[in-house]
Each structure stands twice: as C-alpha cells, then as structure tokens.
Amino acid sequence: TQLLEQSPQFLSIQEGENLTVYCNSSSVFSSLQWYRQEPGEGPVLLVTVVTGGEVKKLKRLTFQFGDARKDSSLHITAAQPGDTGLYLCAGGATGNQFYFGTGTSLTVIP
Amino acid sequence: DTGVSQNPRHKITKRGQNVTFRCDPISEHNRLYWYRQTLGQGPEFLTYFQNEAQLEKSRLLSDRFSAERPKGSFSTLEIQRTEQGDSAMYLCASRPGQGRVSEQFFGPGTRLTVL
Chain Z
1 TQLLEQSPQF
11 LSIQEGENLT
21 VYCNSSSVFS
31 SLQWYRQEPG
41 EGPVLLVTVV
51 TGGEVKKLKR
61 LTFQFGDARK
71 DSSLHITAAQ
81 PGDTGLYLCA
91 GGATGNQFYF
101 GTGTSLTVIP
Chain U
1001 DTGVSQNPRH
1011 KITKRGQNVT
1021 FRCDPISEHN
1031 RLYWYRQTLG
1041 QGPEFLTYFQ
1051 NEAQLEKSRL
1061 LSDRFSAERP
1071 KGSFSTLEIQ
1081 RTEQGDSAMY
1091 LCASRPGQGR
1101 VSEQFFGPGT
1111 RLTVL
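In the order they appear, the protein sequences are chains Z and U. Mapped onto this note's numbering, the consecutive letters of the first sequence carry residue numbers 1 to 110. Mapped onto this note's numbering, the consecutive letters of the second sequence carry residue numbers 1001 to 1115.
The hints are simulated quantities; they were obtained by calculation from the structure and are not laboratory data. For clarity, every value in this text was computed on a predicted model and none was experimentally measured. Please note that the accuracy of each hint is not assured.
In silico SDA-like pairs for lysine to any residue, Cα to Cα no more than 20 Å straight-line [what the hints assert, rightly or not]:
#, chain 1, residue 1, chain 2, residue 2
1, U, 1057, Z, 96
2, Z, 59, Z, 107
3, Z, 70, U, 1103
4, U, 1014, U, 1087
5, U, 1057, Z, 97
6, Z, 57, U, 1103
7, U, 1057, Z, 3
8, Z, 57, Z, 71
9, U, 1011, Z, 39
10, Z, 56, U, 1103
11, U, 1057, Z, 93
Residues of chain U placed beyond 10 Å of chain Z at every Cβ, according to the derived structure [what the hints assert, rightly or not]:
#, residue
12, 1007
13, 1008
14, 1014
15, 1016
16, 1017
17, 1018
18, 1020
19, 1022
20, 1027
21, 1070
22, 1072
23, 1078
24, 1080
25, 1083
26, 1088
Ideal Cβ positions, reconstructed from N, Cα and C, are used throughout, including at glycine.
Bound conformation, chain U alone (with noise of 0.2 Å):
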C-alpha cells in the first residue's frame, strides 16, 4: 500500500438515500482528513481525526453528516437523507504524526452525484 484509497470511486443516488464513503489512509499517518470538492473550486475542509478522536469540525458538515474512524486507521463519511446540493466530490487526505509542517497525501476521491 503506497497511498491513500478510497471506496467507491462513484456513487449515484436518489435523493433521500443515504450513502456511506470508505477512506483506508497511509498506514502509518495517524492524521486523517475529509474534504469536499464541487467543480472548479478549492477543496473545503470537512472534519479531522487523529487517531480514533473527531478533534475538528466544520459547520459544513451539517448534522445529516457524520464521520468516524473507530480504530484510527480506516474511516467512513455517511450522509443521511442526501439533497442535491450533497452532489461533489468527497476527498479524503492522511498526514503523518510528526513534524509541524508534515505534509498531508489525497486519495482519489469519490464522486457523489444525487439526483
């Protein structure tokens, strides 16, 4: 394993379902980040994990999101009752433990579309 995964790499629903994403980081990095991504924009920060603790959170991730990572390797993102504007895509990036300025690696993302 050289990088960061993610599962699976398109989801299509119908608005209303729920959907749930897999993220496998780097195995070593003990940081873990979601982030969303709508076309032509900058990712924007969703929440972060270190190890299995949620530390941060954006007010993006309205309370239809939800995120866990409960043995602080692998995490998943569900979102419930999903609306159009859910429609981007989902990015997850791992970051190693040490060093002020370590760098953080992305996966290749999932690709929501709700229709």
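Only chain Z is shown next, with the shape it has when bound in the complex (with noise of 0.2 Å):
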C-alpha cells in the first residue's frame, strides 16, 4: 500500500518547458524529502521541507509543503536533459519510517 500517490506516472517534454510533479496523500507527515534516482542507482536527496506552506528553490527547481503536510509538489523550470530521471517523495511519520510516493518518471528530450 503507497501511501503517497504521485501523478503524473510518466512524462515526456520537450527541453526548455515547464513541469509540475505532485506528490498526495490523506496522511500528515512530519517532514516530506524529494528524491531523483537515476538507472541503476540509489535515490539522490534533493531537499526536504518540514513546515506546511514551506517553500523551498534548488536553482531551477522549486519544492513546495502543502499547508496541511498532506501533500507537496516540485515544479522545474526550463528543464534540460540532465532533470531526466525518476522522482520520488517521501513521507516521515512520527515513528521512524518513511513511505515513499510511487515515483514520477521524467525525461526531457534535447
């Protein structure tokens, strides 16, 4: 069961535009983190935001809380080929565990 559902699954762009990946859940979380995993690799930590409304920027990247901590999106400016790769959230609870979303899969076409 995922308790973090991620849309869109798949998506496909020209370099240069513009995305938005959204992450949900009925769920709080005490802290959300964005991962990009590339083939055969362990998921990379791009950021992670713990206040609801929090806003945080990563060069062309922007990551935002949703005020409740249910849920969290990541915008990407002008995207290049480099962005292509698997996006993944993820939830800490109060315990000790983190509930991954089910993973936005990217690739920006030169």
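Can you join these two chains into the complex? Each is in its own frame, and there are hints to help.
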C-alpha cells in the first residue's frame, strides 16, 4: 500500500519546457523529502521540507509543502536533459519509517 | 568515506539459492534502513536498525529474509531459498541519530536477479 500517490506517473517533455510533479496523501507527515534516482543507482536527496506552506528553491527546482502537510509539489523551470530521472517523494511519519511515493519518471528530450 | 556503500552491486542467482548483501553506512549514522524497489516503483520499507537493535520490520519481510547489524556499524541482508519474485533492487540508507527530521542517505543498491 502506497501512502503517497504521485502524478503524473510518466512525463516526457521537450527541453526548455516547465513541469510540475505532485505528491498527495491523506496522511499528515512531519517532513517530506524529494529524491531523484537514475537507472541502476540509489535515490539522491534533493530537498527536505518540514513546515506547512514551506517553499524551497534549488536553482530551477521549486518545492512546496502543503499547508496541511499532506501534499507537496515539485516545479521545474526550463527543463534540461540532465533533469531526466525518476522523481520520488517520501514522507516521514511520527516513527522512524519513511513512506515513498509511486514515483514520476521524467524524460527531457533535447 | 563520504557515502553509503553496498556490495555486491549486482547478484545473479538461481532459484532456491541463498544470497547475502552488505551495507556500510555513513560512519557517524546510527540509524540504518533496508528497502526493496521493483522497476518503476518507489522503494518499499523492509526493516530498520538503531545501532545494533532491529526495531521495525515490514510485513514484506518474510521468514526467508533476515537482517543483522551485529556491531551497530555495517549490516547484512540475507535471503534464503530465493524465489523469482525476490528479483529487485535492494537499497540501504543511513541516517544520523540527531534530529526529528534528519535525512536519510541511500547507497547505490544491489540489483538481484533470480533465474
């Protein structure tokens, strides 16, 4: 059972376009993390958000945590081929477990 | 050492054989996690250690799976009598003990293929 649903599941866009990936849940999380994973490698942490309504920017990537701490979004501006990968959100609950989303596979075409 | 390491990176085995994977966490991290990931899906939690104590186990962890962290440093994950459905990427992550929202850092994973 996946507590976190991501949409879209697959996304293929042209270089230079903007995109948004969504991570939704009916559960409240104490923190939420975004990762990018390339084929055959482990996930690499991009950002952690902890406060409802928080917005963090990492160069062309903007992350937002929902006010109720149940959802999050990742917006990429002017996507580049190097952004290609599997984007995963993961929610931290009150215990020590992290619950991962279903993933969004992004392909940026040059 | 600047990251989590896992060995081997790839393992191909025949159904029914036993396999063991190793994870070396970041040295000052006392929390260690094992996950399983199938193609195109997010990682699924298997088990969690704090120091040498195994504190949480998922229902996914059948009795054919066992994990240890004998000295609170490296960890091993053993799968006995492997089945084709065990084919997956097995990921290890470590996390420092301080902080409610401390982040977990992943190793490169071990890709298991059961023939």
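Evaluated hints:
About 11 Å separates the Cα atoms of residue 1057 (chain U) and residue 96 (chain Z), which keeps this hinted pair within 20 Å; it holds. Among the hinted pairs, residue 59 (chain Z) with residue 107 (chain Z) is consistent with the structure: their alpha-carbon atoms are about 19 Å apart, no more than 20 Å. Distance hint between residue 70 (chain Z) and residue 1103 (chain U) is fulfilled; the C-alpha atoms sit about 18 Å from each other, no more than 20 Å. Under the criterion of a C-alpha separation no larger than 20 Å, the hint pairing residue 1014 (chain U) with residue 1087 (chain U) is consistent with the structure, at around 11 Å.
At roughly 10 Å between alpha-carbon atoms, residue 1057 (chain U) and residue 97 (chain Z) fall within 20 Å of each other, so this suggested pair holds. Note on residue 57 (chain Z) and residue 1103 (chain U): the hinted pairing holds, with a Cα-Cα distance of about 18 Å set against a maximum of 20 Å. A threshold of 20 Å between alpha carbons decides the hint, and for residue 1057 (chain U) with residue 3 (chain Z) the separation of about 17 Å falls inside it, so the pair holds. Proposed proximity of residue 57 (chain Z) and residue 71 (chain Z) is supported: the alpha carbons are some 17 Å apart, at most 20 Å.
For a cut-off of 20 Å, the pair hint linking residue 1011 (chain U) to residue 39 (chain Z) stands: about 16 Å separates their Cα positions. In summary, the hint linking residue 56 (chain Z) to residue 1103 (chain U) is supported, as the alpha carbons are separated by about 16 Å, within the 20 Å threshold. Between residue 1057 (chain U) and residue 93 (chain Z) the alpha-carbon distance is near 16 Å, which keeps this suggested pair within the 20 Å criterion. For residue 1007 (chain U), the shortest C-beta to C-beta distance to chain Z comes to about 13 Å, beyond the 10 Å cut-off, and the non-interface label holds.
The beta carbon of residue 1008 (chain U) is kept farther than 10 Å from every beta carbon of chain Z, the shortest such distance being approximately 13 Å. Distance check on residue 1014 (chain U): its Cβ is at least 22 Å (rounded) from any Cβ of chain Z, clearing the 10 Å threshold; non-interface status holds. With a minimum CB-CB distance of about 26 Å to chain Z, residue 1016 (chain U) clears the 10 Å threshold, and the non-interface call stands. The claim that residue 1017 (chain U) is not at the interface with chain Z holds, since no C-beta of that chain comes within 10 Å of its own (minimum 23 Å).
Listed as a non-interface residue, residue 1018 (chain U) keeps its Cβ farther than 10 Å from every Cβ of chain Z; the least gap is roughly 24 Å. At the 10 Å boundary, the C-beta of residue 1020 (chain U) stays outside the reach of chain Z, the nearest C-beta of that chain being 19 Å off. The Cβ of residue 1022 (chain U) lies farther than 10 Å from every Cβ of chain Z, with a closest approach of about 15 Å, so its non-interface assignment holds. Separation of residue 1027 (chain U) from chain Z is adequate, the least Cβ-Cβ distance of about 18 Å exceeding the 10 Å criterion.
No Cβ of chain Z approaches the Cβ of residue 1070 (chain U) within 10 Å, the least distance being about 20 Å, so the stated non-interface status holds. Listed as a non-interface residue, residue 1072 (chain U) keeps its Cβ farther than 10 Å from every Cβ of chain Z; the least gap is roughly 15 Å. With 10 Å as the threshold on Cβ separation, the claim that residue 1078 (chain U) sits away from chain Z holds: the shortest Cβ distance comes to roughly 20 Å. No Cβ of chain Z comes within 10 Å of the Cβ of residue 1080 (chain U); the nearest lies about 25 Å off, and the non-interface call holds.
For residue 1083 (chain U), the non-interface assignment is confirmed: its Cβ lies about 22 Å from the closest Cβ of chain Z, beyond the 10 Å cut-off. At roughly 13 Å, the least C-beta separation between residue 1088 (chain U) and chain Z is larger than 10 Å, which holds for a residue marked as non-interface.
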